[in-house]
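Chains as they are written, first to last, in numbering that gives the first Met the number 0: chain A, 0 to 259; chain B, 0 to 259; chain C, 0 to 302; chain D, 0 to 302.
Just so you know, the hints here were simulated from the structure itself, not pulled from any lab data. This one's a predicted model, so the numbers in the text were calculated from it and none came from an experiment. Glycine included, C-beta positions come from ideal geometry on N, C-alpha and C. Please note that a few of the clues may not be correct.
Stated by the list, open to error - Facing chain D, according to a computed beta carbon distance under 8 Å, are these residues of chain C, among others:
#1 Arg37
#2 Pro63
#3 Val104
#4 Gly106
#5 Thr141
#6 Cys143
#7 Met145
#8 Arg203
#9 Ile210
#10 Ala218
#11 Leu224
#12 Arg225
#13 Glu252
#14 Ala299
As the list claims (entries may be wrong) - DSSO-like mimics (lysine-lysine), calculated; alpha carbons at most 30 Å apart, straight line:
#15 B/Lys238 / D/Lys113
#16 D/Lys235 / C/Lys202
#17 A/Lys8 / B/Lys17
#18 A/Lys250 / C/Lys49
#19 D/Lys13 / C/Lys202
#20 C/Lys13 / D/Lys49
#21 D/Lys49 / B/Lys238
#22 D/Lys13 / C/Lys235
#23 B/Lys170 / D/Lys202
#24 D/Lys75 / B/Lys238
#25 D/Lys49 / B/Lys72
#26 D/Lys235 / B/Lys238
#27 D/Lys202 / B/Lys238
#28 C/Lys13 / A/Lys250
#29 A/Lys17 / C/Lys13
#30 A/Lys72 / C/Lys202
#31 C/Lys291 / D/Lys291
#32 C/Lys291 / A/Lys198
#33 B/Lys198 / D/Lys202
#34 A/Lys170 / C/Lys202
#35 B/Lys17 / D/Lys202
#36 C/Lys202 / D/Lys49
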Amino acid sequence: MTKFIHDFKVLQNREVSKGYHVLVLQCLQQLPAIFPGQFAQLLVENSPSTYLRRPISIYDVDPVENTISLLVKVVGSGTAHISALQEGNTLNLVYPLGNSFSLPEGKKVLLVGGGVGIAPMLLLSKFIHSHGKEVSVLIGGRTSADIIEPDQYAKYATVGITTEDGSLGHKGLVTTHSYFDSVGKYSMIYACGPDPMMKAVAGIATRAGIPCEVSLENLMACGIGACLCCIAETTSGNKTTCVDGPVFNVKDLSGWDRSK
Amino acid sequence: MTKFIHDFKVLQNREVSKGYHVLVLQCLQQLPAIFPGQFAQLLVENSPSTYLRRPISIYDVDPVENTISLLVKVVGSGTAHISALQEGNTLNLVYPLGNSFSLPEGKKVLLVGGGVGIAPMLLLSKFIHSHGKEVSVLIGGRTSADIIEPDQYAKYATVGITTEDGSLGHKGLVTTHSYFDSVGKYSMIYACGPDPMMKAVAGIATRAGIPCEVSLENLMACGIGACLCCIAETTSGNKTTCVDGPVFNVKDLSGWDRSK
Amino acid sequence: MADLSVDIGTLHLKNPVMPASGTYGYGPEFDDFYDVSRLGAIVTKACTSKHREGNRYPRMVETPMGMLNSVGLQNKGVDYFISTIYPAVSHYDTHIIVNVSDSTVDGYVEVAGKLEALEKITAIELNISCPNVKEGGMAFGTSCPMAASVTKAVRDVYHKTLIVKLSPNVTNIAEIARAVEAEGADSVSLINTLLGMAIDIEKRSPLLSTITGGLSGPAVKPIALRMVWQVANAVKIPVIGMGGISNASDAIEFLLAGATAVQIGTANFVDPMVCVRVIDGINEYLDRHNCKSVNEIIGALRA
Amino acid sequence: MADLSVDIGTLHLKNPVMPASGTYGYGPEFDDFYDVSRLGAIVTKACTSKHREGNRYPRMVETPMGMLNSVGLQNKGVDYFISTIYPAVSHYDTHIIVNVSDSTVDGYVEVAGKLEALEKITAIELNISCPNVKEGGMAFGTSCPMAASVTKAVRDVYHKTLIVKLSPNVTNIAEIARAVEAEGADSVSLINTLLGMAIDIEKRSPLLSTITGGLSGPAVKPIALRMVWQVANAVKIPVIGMGGISNASDAIEFLLAGATAVQIGTANFVDPMVCVRVIDGINEYLDRHNCKSVNEIIGALRA
Ligand SMILES: Cc1cc2nc3c(=O)[nH]c(=O)nc-3n(C[C@H](O)[C@H](O)[C@H](O)COP(=O)(O)OP(=O)(O)OC[C@H]3O[C@@H](n4cnc5c(N)ncnc54)[C@H](O)[C@@H]3O)c2cc1C
Ligand SMILES: Cc1cc2nc3c(=O)[nH]c(=O)nc-3n(C[C@H](O)[C@H](O)[C@H](O)COP(=O)(O)OP(=O)(O)OC[C@H]3O[C@@H](n4cnc5c(N)ncnc54)[C@H](O)[C@@H]3O)c2cc1C
Ligand SMILES: Cc1cc2nc3c(=O)[nH]c(=O)nc-3n(C[C@H](O)[C@H](O)[C@H](O)COP(=O)(O)O)c2cc1C
Ligand SMILES: Cc1cc2nc3c(=O)[nH]c(=O)nc-3n(C[C@H](O)[C@H](O)[C@H](O)COP(=O)(O)O)c2cc1C
Ligand code: FES
Ligand code: FES
């Protein structure tokens with residue numbers, strides 16, 4: 000897939016929840032095809048403590064408006080600067096990067112997103128739904144403030160919600176949600192979120208014999224396979240998460256204790 | 000003089016000429032007394048290539064509004080960031096720093112400012128004028144765009160203007176202005192601007208036996224006498240321009256060939 | 000349009016700009032952005048005698064205007080390079096310089112010997128300065144006798160242009176440069192990364208799996224420039240300068256300090272176009288200063 | 000409120016935070032901003048046997064997240080210090096550590112000997128690492144025998160707490176630290192500045208009058224931290240860590256790496272309040288981590 004370096008114009012910046020921003024960015028050139036799970040490397044200007052670009056998933060794509068959306072959670076200086084961008088500002092992206100989630104074989108699939116890990120799941124829902132599959136999306140967070148735009152998925156999926164404090168949806172970790180009670184009906188499970196969450200989901204999937212893809216958020220320098228900083232240990236050696244990933248089938252990841 | 004670290008609110012930012020900005024800053028605390036020639040060290044935030052503070056002269060003071068003004072010329076990243084500040088932004092200053100111009104003995108004085116070197120001259124005009132003296136201000140620049148707010152001085156001084164290209168006022172270097180024809184009538188000459196200009200003025204003054212004070216713009220790190228980076232060579236050894244200066248009587252400066 | 004070409008050993012480079020080893024993959028990673036053949040040369044990721052997995056994750060931390068890395072020479076070994084990578088890069092219309100690393104003198108000799116046969120590989124860069132491997136690596140670059148011995152051993156088997164890449168983690172880099180020059184190096188390149196460290200204060204643990212790693216990026220530029228200046232004044236062979244170069248102005252500083260060519264590393268991550276921007280910027284500078292050739296500014300510092 | 004006090008030689012410091020020599024004047028420069036007696040200690044600008052004018056202007060350049068300086072030990076000499084500066088600073092209710100420099104061993108010995116008589120000067124910091132003087136200075140700090148000899152000579156005449164300040168411009172800083180420890184140093188402080196350079200490409204001339212100067216500020220923090228960690232693992236005497244510290248988090252990294260105390264230099268120029276902010280920040284961190292004493296985190300890196 001061809002990578003581009005494009006300037007985008009910020010059309011909108013909505014704080015969708017405390018510390019979570021959705022940025023709608025219009026490409027000044029023609030957007031290339033973008034697949035679910037891919038990400039961009041954002042140039043953060045005017046942040047003295049942010050030297051390298053920051054990897055952010057593509058949250059949504061609108062080919063008609065020639066826009067993409069990003070969902071950004073403020074965790075440090077880089078994401079703070081990105082989240083402070085205003086309408087009309089310019090943002091430089093290297094994109095689209097990485098592989099993407101694969102289309103499932105069967106009919107029903109489960110998507111699980113934890114916190115900002117939900118970011119790649121919107122595009123994935125749309126994509127799988129457009130291929131005539133039944134999508135269930137499970138969104139987990141610590142509190143209701145971490146459940147980002149659940150309504151967005153309604154058109155494409157059935158939506159389940161869990162929060163650790165019970166402030167929205169089912170109370171508990173995402174893996175305690177009833178969707179997992181009859182997990183056998185899913186032909187594929189996709190997960191993105193904190194490592195412990197992904198490992199728990201991967202464990203359930205593996206034990207149930209269901210293929211499971213996860214999207215890793217390893218620290219990245221280049222994002223294009225040039226530096227070998229972002230590696231994940233796989234059964235066939237170290238792979239870059241920026242080119243060979245960020246999506247991996249859990250069966251290929253070493254150290255993901257899948258039987259536990 | 001006590002130094003302070005205060006946050007200021009940007010009330011106004013006027014581009015008074017291409018690349019020259021006047022910022023009106025309101026102090027969030029009570030402004031201390033500020034004397035003409037003193038400067039502030041500005042904290043430049045969000046500029047990755049500006050690590051140290053930037054020294055900028057106090058252009059004007061309004062004790063009633065509790066504001067100061069700065070005249071800033073964009074020459075690099077730090078001044079670009081300062082000049083891009085918007086109404087409502089906050090700017091942190093360490094101030095007031097340095098010594099100040101001295102009150103003249105006699106009745107008539109000449110103030111000479113070249114380019115942005117005019118910055119300390121407004122406050123100085125007011126100050127000397129308020130002591131019942133007659134002030135002539137001579138403003139020099141490369142073109143008319145470098146002649147900043149000459150009208151500001153009208154209340155306190157007679158104003159002469161020179162430009163190298165003749166686009167405003169007398170054509171030529173500042174030292175070719177007619178004010179220098181009868182230089183003997185001045186009891187004191189003050190100058191601030193590029194080194195060659197100040198040296199030329201200092202030469203004329205010295206030959207005419209008139210005391211002359213100049214304000215140096217040496218590179219500074221601390222601005223408070225702690226680092227010894229900003230030194231000027233004087234007849235009594237190296238002195239800091241941030242504490243012992245920025246104003247020096249030219250007779251004390253070594254290497255200022257005053258007889259030439 | 001000034002003449003940008005420079006000579007390093009037997010290499011005639013169309014311009015003095017190349018990427019730094021380990022920051023550019025093998026070239027194809029940048030194909031989408033510009034014509035990689037525009038570079039003066041391509042410098043590959045380190046190549047070792049055997050396949051290496053490198054160090055464990057995490058391998059990088061951002062630091063003020065720079066980064067620490069501890070990749071640790073991950074690569075599939077020289078045989079894989081020859082069988083698989085070389086065919087995929089030999090179409091480039093520019094020099095390809097392979098960065099050669101290992102843990103033992105024999106390893107270096109093995110890799111260099113095997114590479115000599117490859118037509119399009121016109122030079123190797125002997126990495127005696129990698130701070131991120133337990134054995135060998137930087138150790139070779141921090142003592143004159145060791146630097147000399149590995150250079151000599153490789154020089155015996157390698158007859159094309161031999162560049163030796165120096166470590167900045169030394170008291171006197173000029174001395175090391177002279178030692179490898181004396182053993183027949185055609186050029187020295189510097190600097191490799193400076194050994195550094197960062198700590199997660201909440202977890203009270205190092206941020207790199209290897210505790211320490213190599214510092215690169217703009218933060219190191221003043222140190223790199225000083226070392227290039229010292230080395231350029233100490234040796235007769237051409238010097239390739241690097242360390243924190245982010246734009247044409249930085250590159251010109253290195254040329255003025257005495258570097259015949261420059262390499263650009265970490266900046267490729269921030270601006271994938273940086274190498275060609277630097278080529279264009281040098282050209283503009285030369286035009287503006289009425290220089291007919293880049294050689295007019297090499298070592299032209301008025302000090 | 001945790002116990003922040005630490006011991007360096009015979010000094011009991013109320014907290015582990017002090018300004019770095021040459022960045023704080025003698026203390027009064029910061030009187031307007033806060034009560035300077037809150038510091039664990041004050042470290043003065045270098046004091047030499049004779050009056051020195053230092054290097055010519057320009058003496059500084061800003062660099063990416065740092066600066067180069069070539070002040071070069073400007074000071075009025077030890078006799079002036081004793082007659083004029085000491086009386087003006089002896090009222091501070093904290094330790095005053097005088098940074099001692101010179102070009103010869105005899106010079107160091109003379110200054111140290113004269114300072115011993117001053118009651119309020121409870122320690123000296125032997126600067127064998129200044130990169131900005133032609134003679135002596137850094138040379139003493141870049142070889143074990145020279146570092147040992149100046150330490151030994153001063154140790155013979157100076158009986159209070161002797162801190163030796165190390166140069167980072169060396170291959171093996173731990174070795175130098177061990178050499179001065181063996182000669183009776185009570186503590187080592189590090190790092191002094193890294194030798195660097197910057198060039199004005201339009202004028203084609205160096206930006207410092209001395210061509211090279213000393214690099215400091217956040218840019219050097221990863222290198223400094225690594226060196227402090229190496230030295231803390233190599234010696235038994237307490238280590239004072241510095242280099243790029245700008246906030247409490249940075250300072251805590253140094254403490255975790257094994258520093259018993261820290262110094263803050265260049266950051267004082269950007270934030271004149273930084274020293275007290277760091278003291279407060281360390282305290283908050285200790286409270287948050289349920290530490291009763293700062294000693295609990297010194298060297299507590301889980302590596
Ligand atoms: C492929 C990929 C896709 C991503 N997609 C998104 C997204 O859509 N939306 C979003 O908000 N974030 C996403 N992230 C994470 C995002 O890149 C980081 O949060 C961001 O880089 C942090 O930068 P910062 O300057 O704000 O924080 P920093 O100041 O750099 O770091 C703040 C804290 O966050 C930690 N941190 C930083 N980066 C990561 C990381 N990659 N993984 C784990 N911890 C980290 C740091 O260790 C530190 O503790 C993605 C990461 C990857 C690799
Ligand atoms: C006491 C004092 C008062 C000053 N008052 C004013 C004022 O009222 N208004 C104003 O616009 N400027 C004033 N200056 C100059 C101002 O401080 C510099 O222009 C500014 O620091 C440049 O910062 P920068 O980041 O924009 O440029 P940089 O990127 O740091 O530098 C851009 C170019 O300007 C040169 N430069 C930077 N600082 C200086 C300097 N101090 N002297 C000479 N050349 C320099 C650099 O070498 C470089 O070539 C004053 C300086 C001093 C010391
Ligand atoms: C991620 C990364 C990997 C590197 N790998 C190598 C390597 O394999 N061999 C080598 O000689 N240098 C390697 N280096 C060092 C660079 O080639 C270069 O010497 C150094 O980064 C300084 O240049 P810079 O500041 O422009 O990055 C690596 C640097 C980085 C940042
Ligand atoms: C302007 C300046 C002057 C300095 N003068 C001295 C000195 O006189 N003696 C000394 O031992 N170190 C001197 N140093 C070095 C500092 O004390 C400190 O070791 C170094 O700056 C690293 O710390 P920092 O990054 O916090 O500044 C000086 C540093 C600067 C920036
Ligand atoms: S981030 Fe550089 S290889 Fe993945
Ligand atoms: S700028 Fe530090 S002493 Fe003047």
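Okay, the hints, checked on the actual structure:
Evaluation of the C/Arg37 hint against chain D yields a violated restraint, the C-beta minimum of about 23 Å exceeding 8 Å. Interface restraint check for C/Pro63: the shortest CB-CB distance to chain D comes to about 4 Å, inside 8 Å, so the restraint holds. Checking C/Val104 against chain D by beta carbon gives a least distance of about 20 Å; that is not within 8 Å, so the hint is violated. For C/Gly106, the interface hint is violated, since its Cβ never comes within 8 Å of a Cβ in chain D; the closest pair sits about 23 Å apart.
At its closest, the beta carbon of C/Thr141 sits 5 Å from a beta carbon of chain D; the interface hint therefore holds under the 8 Å criterion. The interface hint given for C/Cys143 is broken, as the beta carbon of that residue sits about 11 Å from the closest beta carbon of chain D, more than 8 Å. With 8 Å as the threshold, the beta carbon of C/Met145 stays out of range of chain D, its nearest partner Cβ sitting at about 12 Å, so the hint is violated. At its closest, the beta carbon of C/Arg203 sits 5 Å from a beta carbon of chain D; the interface hint therefore holds under the 8 Å criterion.
Against a cut-off of 8 Å between C-beta atoms, the interface hint on C/Ile210 holds, since the closest Cβ of chain D lies about 5 Å away. Checking C/Ala218 against chain D by beta carbon gives a least distance of about 4 Å; that is within 8 Å, so the hint holds. Restraint check, C/Leu224 versus chain D: the minimum CB separation of about 5 Å is within 8 Å; hint holds. Satisfaction of the interface hint for C/Arg225 is found here, the shortest Cβ-Cβ separation to chain D being roughly 4 Å, below the 8 Å cut-off.
With 8 Å as the threshold, the beta carbon of C/Glu252 comes within range of chain D, its nearest partner Cβ sitting at about 4 Å, so the hint holds. Restraint check, C/Ala299 versus chain D: the minimum CB separation of about 6 Å is within 8 Å; hint holds. With a C-alpha separation of about 26 Å, the suggested pairing of B/Lys238 with D/Lys113 holds against the 30 Å cut-off. Straight-line distance between C-alpha atoms of D/Lys235 and C/Lys202 comes to about 25 Å, which keeps the hinted pair within the 30 Å bound.
Proposed proximity of A/Lys8 and B/Lys17 is supported: the alpha carbons are some 27 Å apart, at most 30 Å. Of the pairs offered as hints, the one joining A/Lys250 and C/Lys49 holds, with about 27 Å between alpha carbons and a cut-off of 30 Å not exceeded. Our distance criterion of 30 Å between C-alpha atoms is met by D/Lys13 and C/Lys202, whose separation comes to about 26 Å. With a C-alpha separation of about 55 Å, the suggested pairing of C/Lys13 with D/Lys49 is violated against the 30 Å cut-off.
The suggested pairing of D/Lys49 with B/Lys238 holds, with an alpha-carbon distance near 18 Å, which does not exceed 30 Å. For the proposed pair D/Lys13 and C/Lys235, the alpha carbon gap of about 55 Å is over 30 Å, so the pair is violated. With a C-alpha separation of about 29 Å, the suggested pair B/Lys170 and D/Lys202 falls inside the 30 Å cut-off, and the hint holds. Restraint check for D/Lys75 and B/Lys238: the C-alpha separation of about 12 Å stays at or below 30 Å, so the hint holds.
Restraint check: the Cα-Cα separation between D/Lys49 and B/Lys72 comes to about 42 Å, which exceeds 30 Å; the hinted pair is violated. Our distance criterion of 30 Å between C-alpha atoms is broken by D/Lys235 and B/Lys238, whose separation comes to about 42 Å. Between the alpha carbons of D/Lys202 and B/Lys238 the distance comes to roughly 26 Å, so the proposed pair stays at or under 30 Å and holds. A threshold of 30 Å between alpha carbons decides the hint, and for C/Lys13 with A/Lys250 the separation of about 48 Å lies outside it, so the pair is violated.
For the hint pairing A/Lys17 with C/Lys13, the CA-to-CA distance comes to about 54 Å; that exceeds 30 Å, so the pair is violated. As the CA atoms of A/Lys72 and C/Lys202 are separated by approximately 22 Å, the hinted pair is consistent with the 30 Å bound. The straight-line distance between the Cα atoms of C/Lys291 and D/Lys291 is roughly 69 Å, outside the 30 Å bound, and the hint therefore fails. A distance of roughly 62 Å separates the Cα atoms of C/Lys291 and A/Lys198; the hinted pair therefore is violated under the 30 Å criterion.
The hinted pair formed by B/Lys198 and D/Lys202 meets the criterion: a straight-line CA distance of about 21 Å does not exceed 30 Å. Restraint check for A/Lys170 and C/Lys202: the C-alpha separation of about 29 Å stays at or below 30 Å, so the hint holds. Only pairs whose Cα atoms come within 30 Å are accepted, and B/Lys17 paired with D/Lys202 is accepted, the gap being roughly 26 Å. With a C-alpha separation of about 49 Å, the suggested pair C/Lys202 and D/Lys49 falls outside the 30 Å cut-off, and the hint is violated.
In terms of the numbered hints stated before, the structure departs from hints 1, 3, 4, 6, 7, 20, 22, 25, 26, 28, 29, 31, 32 and 36, listed from lowest to highest.
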